[in-house]
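Number of protein chains: 2
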Amino acid sequence: MHTISRRLVQKISVPIFRTSTHATKLISTQNQHRYEDKDPETKLFGKLLIGAASAGLLATYFDEKKKVDCKVAQTSGTFKDGLPEYTIEEVSKHNTQESRIWVTYKEGVYDITDFVPGHPGGDQILMAAGSSVEPFWVLYGIHENQHVYDILEKYRIGNLDKHDAQTFTQNMEDPYSSDPKRHPVLKPASVKPFNAEPPPSLLVENFITPKELFYVRNHLPVPNIDAEQYKLEIEIEGAKKTVSLSLDDLKKMPKKTITATIMCAGNRRSEMVKVKTVKGLNWGPAAVANATWTGVPLRDVLKNAGLDQFDDKYKHVQFEAEDVDATGKNYGASIPIWKAIDERGDVLLAYEMNGAPLPRDHGYPVRVIVPGVVGARNVKWLAKIVISEHESTSHWQQNDYKGFSPCTDWEDADFTKSPAIQELPVTSAICKPYDGDTIDVVDGKILIKGYAWSGGGQKIVRVDVSADGGKTWHVANVDAQDSSEPPRHWSWTLWSANIPVDNKSKTVGFADIMVKAVDSCYNTQPENFEHIWNIRGVLGNAYHKIKVNLKQ
Amino acid sequence: MHTISRRLVQKISVPIFRTSTHATKLISTQNQHRYEDKDPETKLFGKLLIGAASAGLLATYFDEKKKVDCKVAQTSGTFKDGLPEYTIEEVSKHNTQESRIWVTYKEGVYDITDFVPGHPGGDQILMAAGSSVEPFWVLYGIHENQHVYDILEKYRIGNLDKHDAQTFTQNMEDPYSSDPKRHPVLKPASVKPFNAEPPPSLLVENFITPKELFYVRNHLPVPNIDAEQYKLEIEIEGAKKTVSLSLDDLKKMPKKTITATIMCAGNRRSEMVKVKTVKGLNWGPAAVANATWTGVPLRDVLKNAGLDQFDDKYKHVQFEAEDVDATGKNYGASIPIWKAIDERGDVLLAYEMNGAPLPRDHGYPVRVIVPGVVGARNVKWLAKIVISEHESTSHWQQNDYKGFSPCTDWEDADFTKSPAIQELPVTSAICKPYDGDTIDVVDGKILIKGYAWSGGGQKIVRVDVSADGGKTWHVANVDAQDSSEPPRHWSWTLWSANIPVDNKSKTVGFADIMVKAVDSCYNTQPENFEHIWNIRGVLGNAYHKIKVNLKQ
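Chains as they are written, first to last, in the UniProt record's numbering: chain R, 1 to 552; chain G, 1 to 552.
Simulated from the structure, these hints should not be mistaken for laboratory data. Incorrect hints may appear among the rest.
Same chains, same label: a pair holds when it works inside one copy or across any pair of copies.
DSSO-like mimics (lysine-lysine), calculated; alpha carbons at most 30 angstroms apart, straight line [to be verified]: (1) Lys211 to Lys255; (2) Lys274 to Lys417; (3) Lys471 to Lys162; (4) Lys432 to Lys417; (5) Lys417 to Lys545; (6) Lys187 to Lys255; (7) Lys432 to Lys187; (8) Lys471 to Lys417; (9) Lys241 to Lys449; (10) Lys547 to Lys471; (11) Lys545 to Lys276; (12) Lys315 to Lys256; (13) Lys303 to Lys315; (14) Lys313 to Lys417; (15) Lys255 to Lys315; (16) Lys241 to Lys251; (17) Lys471 to Lys274.
Given these sequences and hints, build the entire structure.
Next comes the structure, spelled out in structure tokens:
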């Protein structure tokens, strides 16, 4: 069915979605286009894409301050009278700086040469040079945004030859078409890939978050895995021995349940961007949740497989997932080996969430739970485990999820110098009321609710709340906290505070509320986002501050 | 030689310094008065004293803002013409609120009834009721201060009968008389007990701190222990089996050396007191140092002694020391059992510091090194280890070394609700230049040096320095850091930064320098002391800020 020229096939031959090289079988491969990946140019483009594969990285300044709505009226890519027509063949010749960079979008032809330097996703845009941007926009749905359409249309130079346009667009496949249905209460920060959080006020209603309310952080389309066919591969790098385990094999082992909070490194990014623009999804304070996880301790799996005896040179445990990016690279991450083999590390290969099989969005059939550690290492749809001398080489381990100084910009960010985020620092947030709400003053007091959590198994030992911008503080009540001791305290703490407000003067009528938590290492939160600002907008754990109107 | 009446002996029969009940022998007992301790009243007073035994607690508002100088001219306690004379017998009758509280100091008699509620050390002052304050002032040298003399003299009501005065004062013994000689470079925050730190600028000259420069934090007189006679007792609470080990027994076991920083919980208190008065020694930023420690892993000692198999109910390892307070209570502290038995916890029973036997001030012959954990748990002069269901009941574990909210004052501080400090939070300090210094600007830049450290085995991953009050930041260079990975990174990081200053305008001529560190959990420091202020002035880890004058 590929009616476009061979040359163009080569040009767009970056595989959108291909079958994993792992033993595991993906069953949702219907209608997938599997292009041959032998063109050296394509491989170069593939490499370029590695740096772009995070949807977070592509969540640019275009849409930082508002949630993406894919249903906005689209005015880009429609046929425009009075513009010249170009064939695909002609467009394909404009694929270098010298020949100018042309791309197509539906029926539109665009010369984006002058936009390339300003593309928030960097050079990766060159993958579409001389061809259509659509496969990439389909994969990184963040582009499907009125603001992006408007920018693109500024570079319009013509219309695509009508016959070519029809052929071309018919071949566009949506790799997200088999994503699961989500509960409408989840508010998307991006739809493709799906990233969404619940309203914060709902979050603090339950110590254990119902699965429908648990934030979703997907980097790529959700793989559709047949549990019957599921195989987990385990290997020691450089050794010949590998082990392959089915889901049943895992379920036959003694199971363990832990309660653990998972948090996205970008949680509360929407507060940090107020200081200065960052690259990343515009998360509110609800990219965090708490659940029970049932599965097999990773250390037992390794031991059982005879893989617990290995050389001291091995320092990391790498996880590879079933979800694949546009270059065919699997999502991956790693953790230090001590965390994996320590009984008190409590790392699980989990197959249940809140007592039921994992939902597809949360890693069905098997995910890693690395309690106390950033969500990105809690790899979903686990396919392979590698015991290695090195960290995962994946984009998400090497070139994402790292912290930088406020003085570091993209130009001088050296990702090799900054450690991959593992344990997360102490944080807290007010979930009720919201910033700008008008709330009742009852007996001179207002009721505030929220959560606090710290990574590394540290317990929250105190939450301080102020209603006068930090002049006076009140110790919040602990509403829910589990009894495990640090450094194996994995769950969040839900708190509330009924604090007095000075509302005698009717002209005031508002309160500056802020919260900060202290963990069992007595670490506490930084006061402002200003001095912890970083290019990726991660680790946003400053005091949470809101302003509310008071009603007597 | 006790010529004072039996009744009075009972009254002052709180032992100042008594032989340990442990197997270990103290040899510096010459001229010590050992009073019998059978009077129920004395026991009550003993209990009261438990709460006062920390010299830190008695380092009151009297002398918070200046170093104690014991050589100030003393005008208190001298005979004053025209006042009535009282015998010891008469004074001793005034030992209750009803009969009024009288005390003596040298030749002076004082009615301190109205001062008791305001005594910063609390009710403990009642131990001296109807008797002399001198034994307590000798033990807690912090009282030997002109400001305290002046306050006392306000309550003067008479002179002590001349004969009684002579007899009484001759029996005052200085339990600190056998303390070791210290290097004069150590700047005392208190002399009895000895607490001192070196000039910060010297501290950052060496990654390994020479023993003479290592800060000294003593709560009580330094015991003088004969290593030949040394015995370490180990028991499981409630079990009959105990083990006794000599120093030779310990030395015969496989030894291990670790490099670890120890920090006092009160380090940098002198910055916190600028917000509001606290109780505690006025430490600068040099109550921290780094050394190599050689000894036997605690877990090996327990295992070797057959004490590694015990019920899960045991949660703590208590340490008792040879130094004793005025009630005969030994200094003590405890750590959670996981830290003690974890190989990666690296807890040592150390007998060497920097390759030589421990100096007396640092715990000779054996101390505990609990890396990553507050100095107070690194118990010196170790006498006994108890595996227990409970934390140490010592004053220093229960009623000291705990954090509180800025809103908590002494009246509402509930020590049972706040966890004992163990792992310390991330901190950093500028050691060179000092606040107020005038420094050279070379090629538009100034050179700043300091340290950074985090407890819990976390490594410093970045130090940010600003010379314009936080408007712009610069990443400091790491000058010295060991290669161990978190969470077993126990040493500090020494850093320097050569940062540009805007000194074009000659009218400016100064720089607001500040530093903050980030650890491997990406925890960072709070910005200001204001919101971390606490009654005991501990955990002072806000940004270190200094102002310097610039010289072109």
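Hints versus structure:
1. Lys211 to Lys255: Within. Shortest intra-copy distance 20 angstroms satisfies the 30 angstroms Cα cut-off; inter-copy 51 angstroms does not.
2. Lys274 to Lys417: Within one copy only: 27 angstroms inside a chain, 37 angstroms across chains, cut-off 30 angstroms.
3. Lys471 to Lys162: neither (67 angstroms within a copy, 56 angstroms between copies)
4. Lys432 to Lys417: Answer is between: at 26 angstroms across copies they meet the 30 angstroms cutoff, but 39 angstroms inside does not.
5. Lys417 to Lys545: This pair counts as between: shortest inter-copy Cα distance 26 angstroms, intra-copy 32 angstroms.
6. Lys187 to Lys255: neither (34 angstroms within a copy, 58 angstroms between copies)
7. Lys432 to Lys187: Classified as within: same-chain Cα gap 17 angstroms, cross-chain 51 angstroms, threshold 30 angstroms.
8. Lys471 to Lys417: between (39 angstroms within a copy, 24 angstroms between copies)
9. Lys241 to Lys449: Cα proximity of Lys241 and Lys449: none, with 52 angstroms in one copy and 51 angstroms across.
10. Lys547 to Lys471: both (15 angstroms within a copy, 25 angstroms between copies)
11. Lys545 to Lys276: For Lys545 and Lys276, the Cα distance is within 30 angstroms both inside one copy (17 angstroms) and across copies (25 angstroms).
12. Lys315 to Lys256: Both: 25 angstroms inside a chain and 22 angstroms across chains, each within 30 angstroms.
13. Lys303 to Lys315: both (16 angstroms within a copy, 27 angstroms between copies)
14. Lys313 to Lys417: Within one copy, since 21 angstroms is at most 30 angstroms while 44 angstroms is not.
15. Lys255 to Lys315: both (26 angstroms within a copy, 25 angstroms between copies)
16. Lys241 to Lys251: within (22 angstroms within a copy, 43 angstroms between copies)
17. Lys471 to Lys274: both (23 angstroms within a copy, 16 angstroms between copies)
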